[in-house]
Amino acid sequence: MSPNSETMSIFSPRLAARLDALVQKYPVKRSALIPMLLYAQDEIGYLSDAVIAAVADRIGITELEVRNVATYYSMLRFKPAGKFNIQVCTNISCMLRGAYDLYERFQDELGIGHKGVTSDGVFSLEEVECIGACCWAPAIQVNYDFLDELNPDSVPEILSKYRSAAKSAGEASHA
Amino acid sequence: MADVTFTVDGKKLTAAAGTLLIEACRKAGIEIPAFCYYPGLSLQAACRMCVVRQEKVGKLQTACTTTVAEGQVFITESEEIAQARKATIQMLLGNHPLDCPVCDAGGECEVQDMTFKYGAGESLYAEAKQHREEQQWSPAVYFDRPRCILCYRCVRMCGEGMDVWALGIQNRGVTSVIAPNEGDHLDCEQCGMCIDVCPVGALTSGSYRYKTRPWEMTHVSTVCTHCGDGCKVTLGIRQSNDGSEIVRADNRDKGGINGDFLCAKGRFGFDFVESPDRLNTPLVRNTQGKLEPATWEHALTTAANKLKEIRDNRGGSAIGVIGSNRTTNEENYLLQKFARTVLGTNNIDHQRTADYAAFARALAGQSGKTAGLRDIGAAPAILLVGGDPTQEHPLLAWALRTDVRLNRARIYVANARNIKLERQAKAVLHLTADGYHNLAATLDAGSNDFSKAVLAEESLVVVLGPECPGTAIESLVAWGLKRANVKFALLGDHTNSRGAADMGLFPDLLPGYIPVSTPAAFAEYPGLQAGAGKTLPEMLIAAGANQLDALLIVGADPVATTRMASESLKNTFVIVQDLFLTETAALADVVFPAASLYEKSGTVTNAFGDVQLVKKAADRAGVKSDFEILVRLANAMGIEVKSLVPFSKRGTSADLGQTRGAQAGEADRSAVWLTANNLEPRLSPFDPLAILDEIARLVPGYELDRMNLYAGNDVRTELGATPGFVPVSALHNSSLIAPAHDTLFTSGTLGQYSSALHELEEHQKNDVATTAAD
Amino acid sequence: MPRLVSHPDEVKIVSRRFGMGAANIDRYIELGGYAAAKKCLEQGPDWVINEMKTSNLRGRGGAGFPAGMKWSFVPKQSAKPKYVLVNGDESEPGTCKDHLIFLHDPHAVIEGTIIAGLAIGAKLGFIYLRGEYRYLIEIVEKAVADAYLKGYLGKNIFGTETEFQIITQTGAGAYEVGEESALMESLEGKRGVPRIKPPFPAVVGLYGGPTVINNAETIATVPHVIDMGGEAYAAVGSARNGGTRLFGVSGHVERPGVYELPMGYNLKKIVYEVAGGVRGGRKLKAVVPGGSSTPVLLPEEIETLGMDFDQVGKAGSMLGSGGVVVIDDQTCMVEFALRTISFYQHESCGWCIPCREGTDWLKKSLTRFHAGFGEAKDIDNIQYLAENMLGRTFCPLGDAAAMPTIAFVKKFRKEFEDHLNGKPCPYAKHTEMAVI
Ligand SMILES: Cc1cc2nc3c(=O)[nH]c(=O)nc-3n(C[C@H](O)[C@H](O)[C@H](O)COP(=O)(O)O)c2cc1C
Ligand code: SF4
Ligand code: FES
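Those protein sequence lines, which keep their order, are chains A, B and C. According to the numbering used here, the residues represented by the first sequence are 1 to 175, in order. According to the numbering used here, the residues represented by the second sequence are 1 to 774, in order. According to the numbering used here, the residues represented by the third sequence are 1 to 436, in order.
It cannot be assumed that every hint is accurate.
Below, a list of computed lysine-lysine pairs in the PhoX-like style, where the Cα atoms sit at most 20 Å apart [as the list claims (entries may be wrong)]:
hint : chain 1 : residue 1 : chain 2 : residue 2
1    : C       : K142      : A       : K25
2    : A       : K25       : C       : K155
3    : C       : K123      : C       : K80
4    : C       : K155      : C       : K39
5    : A       : K25       : C       : K123
6    : C       : K314      : C       : K269
7    : B       : K615      : B       : K254
8    : C       : K80       : A       : K29
9    : C       : K377      : C       : K411
10   : C       : K377      : B       : K86
11   : B       : K59       : C       : K197
12   : C       : K364      : B       : K129
13   : B       : K306      : B       : K570
14   : B       : K86       : B       : K59
15   : C       : K410      : C       : K314
16   : B       : K570      : B       : K290
17   : A       : K25       : C       : K190
18   : A       : K29       : C       : K190
19   : C       : K197      : B       : K56
20   : A       : K25       : C       : K80
21   : C       : K150      : C       : K39
If you're looking for bench data, these hints aren't it; they were derived computationally from the structure. This structure is a prediction, so every number in the text was calculated from the model and none was measured.
Using the sequences and the accompanying hints, generate a full structural model.
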């Protein structure tokens with residue numbers, strides 16, 4: 001990258017500062033890689049080629065190395081997801097308590113399947129492995145929010161809550 | 001480490017404590033199967049094929065990670081172990097295509113062999129195998145994903161071995177896949193090492209794939225013709241319409257100085273031999289001034305008559321001879337002998353790529369002071385002065401990297417350029433372009449960290465790049481000789497640059513750097529001139545000034561390399577022996593089509609003084625070896641061939657195409673020497689080994705270990721080996737030295753005729769261009 | 001928000017402060033927090049390790065290795081820095097106990113980490129949480145920052161000459177990273193592929209330095225061990241199994257939740273009393289005692305089973321991570337097996353052949369089988385595959401997939417056979433499988 005990459009950062013000033021702090025944080029710089037990727041994804045939405053190049057540059061490793069690592073972790077993605085990524089756990093504890101029905105309901109309501117994104121870009125759906133909420137099954141995560149002890153009938157309410165959140169966020173950014 | 005004794009399959013074995021069980025077993029002839037284990041690369045324990053049973057241990061253990069200790073007891077083959085290996089293969093074969101009949105690796109595949117051995121033939125699965133399209137990553141490298149068994153050998157070879165790191169592992173679990181650094185293609189050195197280590201047909205070579213079945217080839221181990229490192233290379237040969245054809249080059253014989261290594265040139269750059277531009281018939285300039293095909297008889301007579309006429313009328317000094325950096329020692333030796341004894345001239349030189357004369361002078365009277373490649377690969381410390389081994393001496397670079405990686409060797413780089421090997425260096429000293437002169441003084445002063453670190457080394461190999469001028473060579477060698485345990489090497493650029501110098505392709509030095517003025521053993525040469533002849537540039541100038549009537553040029557293209565005006569040769573009778581119609585050949589009066597190094601036998605000496613046997617691999621209709629051309633030329637001049645090439649037993653005759661009476665002379669001396677050395681006499685004057693006998697007899701340092709040489713091993717020659725012998729070159733002058741600075745994909749004239757190398761170079765250029773534009 | 005539960009049989013030690021606002025540092029101190037760390041600073045490392053050994057506290061991450069013994073393996077002298085690593089990757093299906101610790105009592109983890117650091121002579125500790133636990137990471141980060149402000153972390157902790165720092169780290173979705181050496185790789189910014197052992201982490205761990213790695217619950221228990229004294233803590237549990245354990249009871253029970261019970265507590269009582277019995281009064285079919293990787297137990301096998309490492313081991317299963325998954329008689333065990341194996345197939349790091357290929361073939365075979373396209377020989381094949389993975393893989397993930405599979409086939413062969421001959425799954429309506 002060019003020497004003035006800082007000024008052309010694809011990240012917001014806040015994230016750039018956070019990433020700067022990250023590389024200082026560990027005894028070995030490379031330890032910052034995974035958090036960096038995750039935080040960058042949180043802001044940009046996915047790990048675009050530009051994100052990968054910028055992260056490689058910050059850590060001082062090749063883009064290939066970044067990809068080797070990034071593709072290993074299932075939370076990291078290389079295509080945009082919806083603004084709200086609905087992750088339905090269907091692992092054993094959730095499955096025993098109706099996660100498949102819950103997942104099906106999400107599919108029906110959203111009209112998308114595993115790793116699909118709604119056409120308005122508000123939602124994406126993912127069937128995920130155990131999210132550590134087994135005793136409160138069935139559970140889902142919407143982005144990082146945990147929602148638990150759900151049943152299929154909770155779905156419309158969840159969707160409308162996030163849909164209006166998306167709407168007000170959209171209005172706020174237009175204002 | 002101390003030796004320990006342990007038991008494997010009831011046999012007591014001994015090995016150094018800490019040796020990997022798999023290695024200890026292999027040394028003892030007990031083969032433990034392994035896909036992921038590869039000697040010298042980091043351990044993976046991923047394939048689980050090497051499982052063995054260790055007494056008192058619950059689970060099967062991997063032999064690739066188990067280190068031996070006193071008193072351990074192992075079983076390496078049992079029903080339980082066979083079952084474990086069988087199951088592993090069964091799981092692997094679930095997805096692995098069973099397309100062995102059409103797989104490039106069929107017959108050379110480790111999975112195939114293991115399936116055969118452990119019998120996992122039947123499929124346990126009803127599911128369809130996953131198919132994926134094959135990918136082309138570069139002109140050299142193709143990837144067939146379903147065949148990949150994820151042994152990670154390629155990834156490690158590329159990263160750890162080559163320091164290129166162009167291959168990675170992406171995704172996880174069953175979707176894991178080997179990936180190239182540029183997404184869908186490779187930006188790398190195109191060495192093909194990944195293909196070489198791939199145990200299956202997942203990585204295949206662009207130049208070899210689907211050309212033949214492995215068992216249809218014969219394999220000939222010879223020496224690569226490209227750079228001065230002299231890798232041992234195995235050529236896969238298949239019979240073809242016009243002789244035999246090289247279909248593959250690899251390093252299946254890992255016993256050479258290059259071990260596992262081969263670079264892009266060695267592996268892919270053999271295709272120049274098949275170039276449609278190859279000369280396959282002699283050419284003679286006709287009365288209209290045009291070169292036209294001629295018979296050998298006619299071409300030889302034309303050249304011979306002209307040479308004879310000029311020699312007899314104007315004297316040998318009116319003839320010049322230019323030799324080659326790629327021809328064998330025997331050919332070079334014969335060429336200078338031909339010049340000196342048949343043409344009667346010391347006007348002989350070659351395009352010097354490094355100042356070996358200065359090197360030899362600096363080392364005069366010393367013995368055991370030059371370092372071979374094996375010495376360098378095991379040296380605890382190396383001072384690399386100049387040179388860019390990664391580009392120009394890929395094997396040396398490999399040896400240095402491996403030495404650092406496996407033996408924690410320390411490399412000190414002093415260079416005017418930035419070179420990639422700095423990544424492995426313990427310390428780097430950046431020099432100015434003429435800084436090589438002062439380096440010895442800088443080191444002695446010990447005033448910087450670099451010098452201090454170098455001075456702290458107890459034993460050192462000093463490797464001098466070709467750009468080191470003679471004065472720097474002398475001062476650095478003198479510096480090193482003051483210290484104990486210092487050895488030296490000087491990097492010359494082509495397969496046999498060192499051999500050309502050693503064999504006396506100099507106007508003032510005989511073979512072994514013996515001055516023509518004090519010829520020592522060469523006094524037996526009939527008609528040897530005592531005065532120095534002309535250097536290569538002097539010959540060309542003389543030709544331009546109409547003072548040189550004939551020029552015999554073997555395997556060199558001075559018109560191209562010196563950028564001389566073609567007019568200069570107008571009035572000189574030029575004879576060229578070459579593979580191609582080079583710029584020089586195009587101006588010649590007689591052109592002889594010569595065989596390449598892959599089409600003849602003999603020996604070559606690499607830059608480090610390692611002498612290796614060149615074996616004839618391919619056959620090309622119409623061409624002759626330079627050796628044979630010279631013998632025939634001498635014969636056509638009416639020379640008693642035996643005085644040139646000491647062949648045959650006393651009194652027997654040999655067939656030269658026309659029968660001649662045998663006479664006493666050189667052959668007699670040879671016969672006496674051969675008998676004294678328990679060697680067989682040579683029966684043909686075209687047998688280069690006949691003259692190797694003479695070389696061994698006369699040239700200091702070439703008393704080679706024949707047993708090993710003939711067995712295909714590299715043997716050492718020494719510079720300055722004869723104590724008290726002091727060569728002096730009056731003509732040593734750094735302006736005569738022109739390093740070739742070949743890259744990974746260029747190789748002088750030969751490289752120009754290799755479409756494989758061209759393609760690779762283009763691929764890399766385009767790649768860099770697009771990346772830069774991104 | 002995860003619901004807290006309680007039951008009279010509980011012995012609240014680790015969960016003592018749950019629901020009491022102890023994520024706030026002052027509240028934590030009020031509730032007796034950080035006294036243990038101070039005490040350890042006074043008493044010194046040998047004393048700490050001794051208390052830990054006496055406590056019989058065994059690792060809560062799954063393997064149950066005695067924590068005090070693990071700490072004592074760390075060499076006293078080391079050229080490279082030593083580290084403490086808290087494993088909060090919690091990803092074993094059926095397990096959500098660390099979740100509650102981070103949520104309700106993050107300072108217990110910090111204090112435990114400090115104590116472990118003192119015991120082994122480390123100056124730096126890492127708390128690694130799975131990436132999905134972002135809200136918990138924020139809670140822990142806040143707690144760490146507060147501890148710095150109080151001077152409990154830093155160059156001179158508690159006003160002494162002793163230095164100890166903590167760095168929090170996030171994962172990004174990978175079960176295998178819970179394996180200790182894979183966690184170190186991940187923490188070093190690499191793919192979560194485990195390392196060759198030996199050397200073990202106590203000798204060569206994070207960044208090549210000696211490292212103690214413990215599960216978050218193990219670490220959170222440490223201050224309590226110090227407060228109570230090792231002996232008193234040991235006395236709470238059963239033989240060689242000191243103290244209590246957070247059992248996460250999930251699946252078909254009336255009152256799922258995380259319960260803290262003494263080691264050795266009877267499993268049948270956990271199901272029928274503590275967790276309120278099988279949901280809707282149904283019959284019990286099976287219990288997975290310690291997270292998805294532990295072999296399933298039949299009702300008759302839990303009758304007198306005490307939940308500690310040794311007793312569950314003797315019963316042919318494992319205590320694992322303490323995630324008790326209860327399965328009622330309406331459940332298809334083939335589907336359950338399939339869902340279990342799908343997880344391991346998805347999470348296999350892919351390094352070694354038997355795990356990578358084995359889990360994939362198990363998933364494929366089970367998928368087809370459950371969909372009604374199975375053949376009789378598939379049942380044997382599934383068992384054959386699992387048996388040939390067992391003990392042959394690079395790390396225990398392969399075993400974690402193989403062991404439950406073998407148990408499913410052996411204990412529920414009849415149910416497998418019921419799927420043969422094109423018969424649809426007798427239980428489930430979801431025959432087409434999820435495609436993670
Ligand atoms: C595949 C695999 C996944 C694991 N996941 C976790 C985990 O999520 N959390 C955990 O504490 N230990 C996990 N472990 C166990 C750790 O390797 C290690 O034994 C443990 O963190 C040590 O802590 P302890 O002694 O306190 O139990 C896992 C082990 C394996 C083989
Ligand atoms: S058993 Fe092998 S493939 Fe599976 S997670 Fe462990 S190392 Fe990776
Ligand atoms: S060679 Fe040992 S596991 Fe592959």
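Worksheet item: Quick one, are K25 of chain A and K155 of chain C close enough, alpha carbons at most 20 Å?
Response: 15 Å, holds
Fill in: 20 Å Cα cutoff - pair K25 of chain A, K190 of chain C
Judged against 20 Å, a Cα distance of about 17 Å means the pair holds.
Worksheet item: If you draw a straight line from the CA of K570 of chain B to the CA of K290 of chain B, is it 20 Å or shorter?
Response: Distance ~13 Å between K570 of chain B and K290 of chain B Cα, so the pair holds.
Worksheet item: Does the alpha-carbon distance linking K364 of chain C and K129 of chain B stay inside the 20 Å limit?
Response: With Cα atoms ~11 Å apart, K364 of chain C and K129 of chain B stay inside 20 Å; holds.
Fill in: Restraint status (C-alpha distance of K59 of chain B to K197 of chain C at most 20 Å)
14 Å, holds
Item to complete: Below or equal to 20 Å on CA atoms is what counts here, so check K80 of chain C against K29 of chain A.
Response: At roughly 17 Å apart (the allowed maximum being 20 Å), K29 of chain A and K80 of chain C satisfy the hint.
Worksheet entry | Pair hint K150 of chain C and K39 of chain C, alpha-carbon separation not exceeding 20 Å | Measuring from Cα to Cα gives roughly 17 Å; hence the hint holds.
Worksheet item: Does the alpha-carbon distance linking K377 of chain C and K86 of chain B stay inside the 20 Å limit?
Response: Between K377 of chain C and K86 of chain B the Cα gap is close to 18 Å, so the pair holds against 20 Å.
Item to complete: Assess, step by step, whether the Cα of K306 of chain B is no farther than 20 Å from the Cα of K570 of chain B, and give holds or violated.
Response: 16 Å, holds
Discussion item. For a C-alpha distance cap of 20 Å, please report whether K155 of chain C and K39 of chain C respect it.
Written reply: 18 Å, holds
Worksheet item: Is it true that the CA of K25 of chain A sits at most 20 Å from the CA of K123 of chain C?
Response: Judged against 20 Å, a Cα distance of about 15 Å means the pair holds.
Worksheet item: Straight-line Cα separation of K197 of chain C and K56 of chain B no greater than 20 Å?
Response: This hinted pair holds, its Cα atoms lying about 18 Å apart.
Comparing the model with each numbered hint stated earlier shows that all of them hold.
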